[in-house]
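Q: Knowing the structure of chain A, use the given hints to seat chains B, C, D, E and F on it.
Chains A, B, C, D, E and F supply the protein sequences, listed in that same order.
Residue numbering for the first sequence is 925 to 1200, as defined by the numbering used here.
Residue numbering for the second sequence is 925 to 1200, as defined by the numbering used here.
Residue numbering for the third sequence is 925 to 1200, as defined by the numbering used here.
Residue numbering for the fourth sequence is 925 to 1200, as defined by the numbering used here.
Residue numbering for the fifth sequence is 925 to 1200, as defined by the numbering used here.
Residue numbering for the sixth sequence is 925 to 1200, as defined by the numbering used here.
Bear in mind the hints are in silico, worked out from the structure with no lab data behind them.
There may be inaccurate statements among the hints.
Since copy identity is lost for identical chains, a pair holds within one copy or between any two.
Said to hold, decoys possible - Using 25 Å as the maximum straight-line C-alpha spacing, the simulated BS3-like pairs for lysine-lysine come out as follows:
1) Lys1123 to Lys1087
2) Lys1123 to Lys1082
3) Lys1171 to Lys1147
4) Lys1123 to Lys1147
5) Lys1061 to Lys1006
6) Lys1123 to Lys1100
7) Lys952 to Lys1087
8) Lys1082 to Lys958
9) Lys1087 to Lys983
10) Lys1034 to Lys1100
11) Lys987 to Lys1061
12) Lys1100 to Lys1147
13) Lys1171 to Lys1034
14) Lys1100 to Lys1082
15) Lys952 to Lys1100
16) Lys1087 to Lys1006
17) Lys1006 to Lys1100
18) Lys1061 to Lys1100
19) Lys1006 to Lys1082
Number of protein chains: 6
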Amino acid sequence: MADDISRFLEEDIGDGDITTNAVIGDQKAVGAVKAGSACTVAGLAEAEEVFSDMGLRVKILAKDGSTVEPGTVVMRVEGSAKAMLTSERLALNFIMLMSGIATATDTLVKRARAVNPNIRIAGTRKTTPGFRRYEKKAIILGGGDPHRFRLDDQILIKDNHLKMVGSVTEAVRRAKRFSFSKKVEVEAETLAQAEEAAKAGADSILLDNMSPEKVAEAYSIIKAVHSHITVEVSGGIRPENIAQYAKNADVISVGYITHSAPAADFSMDIEEARGQ
Amino acid sequence: MADDISRFLEEDIGDGDITTNAVIGDQKAVGAVKAGSACTVAGLAEAEEVFSDMGLRVKILAKDGSTVEPGTVVMRVEGSAKAMLTSERLALNFIMLMSGIATATDTLVKRARAVNPNIRIAGTRKTTPGFRRYEKKAIILGGGDPHRFRLDDQILIKDNHLKMVGSVTEAVRRAKRFSFSKKVEVEAETLAQAEEAAKAGADSILLDNMSPEKVAEAYSIIKAVHSHITVEVSGGIRPENIAQYAKNADVISVGYITHSAPAADFSMDIEEARGQ
Amino acid sequence: MADDISRFLEEDIGDGDITTNAVIGDQKAVGAVKAGSACTVAGLAEAEEVFSDMGLRVKILAKDGSTVEPGTVVMRVEGSAKAMLTSERLALNFIMLMSGIATATDTLVKRARAVNPNIRIAGTRKTTPGFRRYEKKAIILGGGDPHRFRLDDQILIKDNHLKMVGSVTEAVRRAKRFSFSKKVEVEAETLAQAEEAAKAGADSILLDNMSPEKVAEAYSIIKAVHSHITVEVSGGIRPENIAQYAKNADVISVGYITHSAPAADFSMDIEEARGQ
Amino acid sequence: MADDISRFLEEDIGDGDITTNAVIGDQKAVGAVKAGSACTVAGLAEAEEVFSDMGLRVKILAKDGSTVEPGTVVMRVEGSAKAMLTSERLALNFIMLMSGIATATDTLVKRARAVNPNIRIAGTRKTTPGFRRYEKKAIILGGGDPHRFRLDDQILIKDNHLKMVGSVTEAVRRAKRFSFSKKVEVEAETLAQAEEAAKAGADSILLDNMSPEKVAEAYSIIKAVHSHITVEVSGGIRPENIAQYAKNADVISVGYITHSAPAADFSMDIEEARGQ
Amino acid sequence: MADDISRFLEEDIGDGDITTNAVIGDQKAVGAVKAGSACTVAGLAEAEEVFSDMGLRVKILAKDGSTVEPGTVVMRVEGSAKAMLTSERLALNFIMLMSGIATATDTLVKRARAVNPNIRIAGTRKTTPGFRRYEKKAIILGGGDPHRFRLDDQILIKDNHLKMVGSVTEAVRRAKRFSFSKKVEVEAETLAQAEEAAKAGADSILLDNMSPEKVAEAYSIIKAVHSHITVEVSGGIRPENIAQYAKNADVISVGYITHSAPAADFSMDIEEARGQ
Amino acid sequence: MADDISRFLEEDIGDGDITTNAVIGDQKAVGAVKAGSACTVAGLAEAEEVFSDMGLRVKILAKDGSTVEPGTVVMRVEGSAKAMLTSERLALNFIMLMSGIATATDTLVKRARAVNPNIRIAGTRKTTPGFRRYEKKAIILGGGDPHRFRLDDQILIKDNHLKMVGSVTEAVRRAKRFSFSKKVEVEAETLAQAEEAAKAGADSILLDNMSPEKVAEAYSIIKAVHSHITVEVSGGIRPENIAQYAKNADVISVGYITHSAPAADFSMDIEEARGQ
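Excised from the complex, chain A in its bound form:
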């Protein structure tokens, strides 16, 4: 993380915060990071690291992953006013973006678990290049499952792979020969594909872009082959319709929590420290 943060600081600062260098002296300051709206907060650990790297003392006042109300002060920072003003933006960007993701995830988790308490809500690889580890962490803080961080995490045979191979059974056979230590998941767009994948020995099956009814049917077919096969459902699932899918799935994966969740609103008020 330290490497990332120094790279991110450099991206934001360049050769120096010329405003702060020009107008601020050696004053000490106290800064308060405050939520502007209700949200599941995330990114506090990252913001703390940003400020600590700048030599500031940080007190975290809310737990990453907890829910906060508008106006809540989630962090207090103390030390050089220059350092604080120079690093404020990066710290806030971490909190705003990660809290946005955590909040969107939390909403889905709550709606889905109301129907199926054992279900997992998972992310996808539709993340911002270079920022995935923080977006995946925000999903976890929102109660979700990160799913694959990288293409070497698990074998997941998708429609484009199947078009190339021609046969679900052959694709699964190749995958199982390739490695004994990785799980094999197959994306199925039809009931027939789902059944074929289950029989070929897939560890998990991803039902993509099916209606809730079709998902229910596929779920029964798969579990009949082997009760231990994991059933994942994906494609156009939003808070509005997640309850319809949740009963017949072990995992629901959703791209929009990383690529389209609006940021949460946070700001920092800085005041000169008195009597120090």
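A: Chains B, C, D, E and F only, in chain A's frame:
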């Protein structure tokens, strides 16, 4: 950009795309990147670089910055099926995220220019750490102005700076002494501050969180001091209310186009190349 | 790989091959890389990249993974004598070390498959820091399975983990809750542990440091719980005793093929190119 | 070293030790690194740095370069169980591989010094790419001399150089003109070459692949020209025959101590820390 | 800065200070850095960082930017003799080179301000590749202005740009459209160009290679258009003639203070620490 | 070199050449790099690489190391006007600084060789941090010898080392024990030290800060011990007095050619390419 892309590929791929390595042979393929919804497209140059770095031939079929309809094929890729499947996600992530930003910017630009044809819509530094240059580029492709990339681009004295210095006039004086080659902008929350900044010699004044009426008043006061001072307006401006602000501003800056714009929808269909 | 190779060249060359720079002019040369002993050759692709990066033309005359006799010329290189002499050592180091590993692996694979044609011989993480990807590749070229490249590849609960958790069942439960996309393997030192792990839902069980008889017994116990559980055997297995273990294992993993396999013998003869 | 270690940790860990993260809590532990066989131990300093970088407290109980018996605990580590389990493998890989090299070197040094107390045993550049500095250090800990780390350390004119230049005398002349601060060594395969190199002003002469008798003859010829010329002997020298060479050499260099020495056996036992 | 310093140390040290490693034991030492000639000292902060990174204790005895007499001890260092000898050269190189620049700048500042107390002396981008930030800092310590660090700091339309565009007015128009946050400066070689640039709205005008008389005339013309336009003068200005230019300029920029200023003379005396 | 150049370009350009981006279109241009004063030219290879990396075609019209007259066009560049303007400064900085060093070296070489045709003029480690390899190369192009690039090149026992060890003989003994492949040089400030070093077996002796007469005396004493010992002379030697030292030295080393040589004068004229 080359450095970023190899870093981003590594983030997504890790030690290898084990699915593709396990199930795909040395086939050739053709891939088509298609828009799923109407948008201002961006990120095609980045996607092209991704695919080219993987040894694929790319034909771009839509211009970055142009508007595309749902179903439009914006890019066609040809070459090794393995390379294509391995790099598909990163290429799509560039296009989806950058097109989302370009689309949100374009909407604002059109609404504001209907009222004031000379106005600029600008971004902020509320961007994803490590991905700013692409987000700023997407703003430009959407017709906007990137504003500061980094803290060394321009002097911008904000409320937190003013709290430390105590006086607008003194802050401007320090800023102008610091550098003869950088513009000095001052954030004003009141009419008095705006006027003081103008008289102190600020090159630009940022009116923050004012009502449209107050902006109109501030605009007159500032331009009366010096007609060449740039007036920027910011704070809670969205497509719904931008027309009310646009008449009395040279620049309107908006954070949500980078931190909260939903991604555009793009996918890639890959088919085996025949007759090659 | 390109990054590694430039780093490795720098390690070997420093600020320049002062011998070559001092005594060699702009001559052209032809170099032949020759095996000094029979072996399963590996590292030719890496050696080719080394020489190509130096601007030399390379013809590979043996296939990585094939068996070669003493005296076989496996590669011919052509171009600047300076470039060839400067990069010779790194190219040879790749071939010598990787061929040593491939040869040791191949020997084990042949002996084990004589008994059990479906068995896999796998490596471990007992590799040279910084060189693992090449050592794992050499295992694959020798007919083996790389096993985990990294600690995030698969969950493998070892004796030290079990000491901390206290219970096999609880450890497996935690592991399965942690991730739905990773396999869970448990190291068992007793029959009771093996059975407990199988019943708790482990995907694979590693029998560590057991006699062939005990392995046979454990194998039956595990397969009785679930026929699909993978049985891996490890601990002091060498060419001499591998046949005794091979019948009752799906995978045999061996550390010495990476940490103690002697290098194969290769050298390069360089001659001035005439008539060019 | 710090850079290497963080790179090596990343190679081994990837995005996280998922086993440890899944099953271990915030327990404290004590770990003991134990030798499995008699050896000259090396790599303790590197292992200490690995563990320290992970925030663990380390007590080293044997001196790098000393001889240890089977069962000796060479290091004790204390702190977070998670950190210990995550970094155990890299620390052990350093100790196992470096101790293997130190042990092989020590054996040669002892046998050669029994005959010639002033002789040096030196390594070669036949090392693992990226790990040379640790392999050279292990040679030194085993009582040997590292010889060239890199091609810019010393001029060493080998057979391939001589084929290009055509004349020993001319090669030495060019080398001495090139630099006044580097020693010039010449590899000789015949007595005539050895004598020519000595007369041309070489600082050292490397007798390659000669029988012990021929080495004795060459040694006399060289020392007759200048008593201060260093005589190095190389080529197929092993513990079995080193005594025959040792009398007529200032330095004996041996490739197998880095490329083929078997690793020493070390393991780590971790137990939960009580009463802390 | 930390990154630079470790890179610079590596450049100077390579694989180790073999002299110090060979001949020095674990002694403690005290070192005194002394000026050999009168100068404006700079680089002490960098030298301190070098020594601190090596684990040494540093006491700075002169202020960066102050004037020192020959023989002045500007810094005292204490700790490991090995560390001190290994890092001495880099620390001295910082001080010698930066003090040379600060001294040359200070001389110009004093001569110019005798004529015009408000004038700024600025550097150029004629700096040593990779060392610019330190050279610019030395200019500031000598009382000067750094001018552009990089091409993205400010728009500066030079003769080569004007040749391409064809018209000063058009070039300024394009520049102002490009960005609202950057100043626009134009290089003028004639009075007509200067006037055209002023009228087109340039923020600053650089008079290049004009005689003092022509500068005076241009200055009047420009200030008549707008009193707030900054007038910069450049081209062949040295201590001998700066007074002639200083009256009619806001800024004088000079390349030789970075590319041709002789280094100041500093050395370090190291003595064994007694009684510690 | 490629790494350096992309780092140097980034230092100069930052996020983009905003002037060129703002005012220049897709024109083609031709640029001519011209000498402003007579000098020994160097840095053309580096400038060529800079321009080539930007996609420009380069024709080199003078040989690095040759002498050029004022007005000589040393290089012609062709291609995108944008690329040319963006990279012009870095290319010129290489040529100006390296030619300054080559010119200063050449002057010394000519004066010293008039007296002693076999003498070498050598540089020191008093170079600009991060730019040493280019400064050393410029010395070589000026006819000089680079001397140590790094502290691991050769053992050079200086006054500060001797203060720590206490005895010249003991220091040489330790140095020779440390390594058989590195030369050992000793800095002597008195005749007695010079003689002691020679007798102790030093390969070279550096006479520091002695008068020409004392150098002559030391030279005789040293050569009487061993005619093959290299005598290097250093300390305050300039073009004015070098002839007095040159007769009694094998090498004269001079710091000012890197730390204080004024840059040579070069500029680039760019014109729009017609008829292409």
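Q: Taking each numbered hint in turn, which are not upheld by the structure, reported in ascending numerical order?
A: none
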